[in-house]
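Hey, can you work out the whole structure from these sequences and the hints?
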Amino acid sequence: MLRIPLPALVMVALSACTDPEHLTFESGPIDLTAAGPLFEGSNTAQGEWNTGLEAYLTEQGHSIGDLREARLTSATIAGADSTGLQGIRSVSVQWMGGAQGMQQMAVRNPLPADSASVRLTVADEQPKLAELLAQGTVTVVADLDLDADSDADRHVIGSFTLELTVAP
Amino acid sequence: MRTTLLFLSLLLLPFSTVLAQAPPEPADRLIGVWEPSNGKARVKVEKIGGKYYGKIVWLREPNDPATGAPKVDKNNPDESQRTVPLRGYRLLKDFTYGGNDEWTEGTIYDPENGSTYSCVITMKDANTLDIRGFIGVKALGRTDVWKRLQTK
Numbered sequence: 025m026l027r028i029p030l031p032a033l034v035m036v037a038l039s040a041c042t043d044p045e046h047l048t049f050e051s052g053p054i055d056l057t058a059a060g061p062l063f064e065g066s067n068t069a070q071g072e073w074n075t076g077l078e079a080y081l082t083e084q085g086h087s088i089g090d091l092r093e094a095r096l097t098s099a100t101i102a103g104a105d106s107t108g109l110q111g112i113r114s115v116s117v118q119w120m121g122g123a124q125g126m127q128q129m130a131v132r133n134p135l136p137a138d139s140a141s142v143r144l145t146v147a148d149e150q151p152k153l154a155e156l157l158a159q160g161t162v163t164v165v166a167d168l169d170l171d172a173d174s175d176a177d178r179h180v181i182g183s184f185t186l187e188l189t190v191a192p
Numbered sequence: 031m032r033t034t035l036l037f038l039s040l041l042l043l044p045f046s047t048v049l050a051q052a053p054p055e056p057a058d059r060l061i062g063v064w065e066p067s068n069g070k071a072r073v074k075v076e077k078i079g080g081k082y083y084g085k086i087v088w089l090r091e092p093n094d095p096a097t098g099a100p101k102v103d104k105n106n107p108d109e110s111q112r113t114v115p116l117r118g119y120r121l122l123k124d125f126t127y128g129g130n131d132e133w134t135e136g137t138i139y140d141p142e143n144g145s146t147y148s149c150v151i152t153m154k155d156a157n158t159l160d161i162r163g164f165i166g167v168k169a170l171g172r173t174d175v176w177k178r179l180q181t182k
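So the protein lines, in turn, are chains A and B. Convert by adding 24 to the 1-based position in the first sequence; the result is the number in our numbering. Convert by adding 30 to the 1-based position in the second sequence; the result is the number in our numbering.
Quick caveat, the hints were computed from the structure, so don't treat them as lab data. C-beta atoms are modelled at their ideal positions from N, C-alpha and C, and glycine is treated no differently. Heads up, some of the hints might be wrong.
[Stated by the list, open to error] The calculated label-pair distances, taken between Cβ atoms and stated as ranges, are: (1) B:THR173 x A:SER141: 44 to 50 angstroms; (2) B:TYR147 x A:GLY60: 14 to 20 angstroms; (3) A:GLU78 x B:LYS154: 25 to 31 angstroms; (4) B:TYR147 x A:GLU72: 26 to 32 angstroms; (5) B:SER67 x A:GLY76: 19 to 25 angstroms; (6) A:GLY60 x B:ALA96: 34 to 40 angstroms; (7) B:ASN93 x A:THR82: 20 to 26 angstroms; (8) B:SER67 x A:PRO61: 44 to 50 angstroms; (9) A:PRO53 x B:LYS154: 42 to 48 angstroms; (10) A:GLU78 x B:GLY69: 35 to 41 angstroms; (11) B:SER145 x A:ASP138: 34 to 40 angstroms; (12) B:ALA96 x A:ASP173: 40 to 46 angstroms; (13) B:GLY129 x A:PRO134: 20 to 26 angstroms.
Here is the structure:
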């Protein structure tokens, strides 16, 4: 009978249980558009975010199947032109995609006057975010509370940072 | 050649007119502004990513009597999101059209207690909706009647 020393067994067991790795993933700028005419009050801006997460994980030596958990850690909304965020009283951001329902991700209410860019308060509760991101495309919805009517479209830029937990 | 083109365009004219006047697809009949039976709010249903969502666009009492400031989602179970404005809040989420004048698979949120319920929407006629919220079993729920604001 083959006798394997106990320390060798422990070494094998430990190498099989690799610690999860934490990665920081940036969305890059996402154009969010509210199509005019727009009215005083809440208007829906939206954009598609092709996450590129699969390619990013491959670069990091992982596959999409290694994604265990995802958490939004930072959300920023900026004006797309020189007007900045002028005329926007508050911003609330939701994500959705595929079979995953819409979920609240971040809010800033009120916005500081005449801001060019603001950081939002990120939601504590972020259920099933890894499943949503694994689909590759996320619809980003931003509710812009405007202080006046406008005929033109309104563009803002969303930027997001996530912490990913991956393990083979 | 010119005569042929003119003849063809005249021939196709009735068809293009029919296409331009085609009624919206059955699922999109939900799009519009609706008022719940209590008249406290008006909810605009819109289509995002192929699903239907309803957001509050008008409140009878837009300001919180305690603070005088515009109402926010103060009962949200996630404390970090309690500053989301109530005007603009999506009460109805993730509905898909299941046929037979029913929109299913969605949820309805009650900002007065911060609870989210499963929900089925049934269109009784072009200007009337039955909104049934329930937990678990559809039979054990409550139905509210919503009316379209701009009647067709």
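Right, here's what the structure says about each hint:
1. For B:THR173 and A:SER141, the Cβ-Cβ distance of about 45 angstroms falls inside the hinted range of 44 to 50 angstroms, so the restraint holds.
2. For the pair B:TYR147 and A:GLY60, the beta carbons lie near 34 angstroms from each other, so the given range of 14 to 20 angstroms is not met.
3. Range check, A:GLU78 to B:LYS154: about 46 angstroms between beta-carbon atoms, so the 25 to 31 angstroms window is missed.
4. Hint check: B:TYR147 to A:GLU72, Cβ distance near 30 angstroms, so the stated range 26 to 32 angstroms holds.
5. Checked against the hint of 19 to 25 angstroms, the C-beta distance between B:SER67 and A:GLY76 comes to roughly 47 angstroms, which is inconsistent with it.
6. Between A:GLY60 and B:ALA96 the CB atoms are about 36 angstroms apart, so this pair conforms to the stated range of 34 to 40 angstroms.
7. Take B:ASN93 and A:THR82: their Cβ atoms lie about 52 angstroms apart, and the range 20 to 26 angstroms is violated.
8. Between B:SER67 and A:PRO61, the C-beta spacing of about 30 angstroms breaks the proposed range 44 to 50 angstroms.
9. Checked against the hint of 42 to 48 angstroms, the C-beta distance between A:PRO53 and B:LYS154 comes to roughly 45 angstroms, which is consistent with it.
10. Checked against the hint of 35 to 41 angstroms, the C-beta distance between A:GLU78 and B:GLY69 comes to roughly 49 angstroms, which is inconsistent with it.
11. Checked against the given bound of 34 to 40 angstroms, the beta carbons of B:SER145 and A:ASP138, roughly 38 angstroms apart, stay inside it.
12. The hinted range of 40 to 46 angstroms is not satisfied by B:ALA96 and A:ASP173, whose Cβ atoms lie roughly 30 angstroms apart.
13. Taking 20 to 26 angstroms as the suggested C-beta distance range, the pair B:GLY129 and A:PRO134 does not conform, at roughly 43 angstroms.
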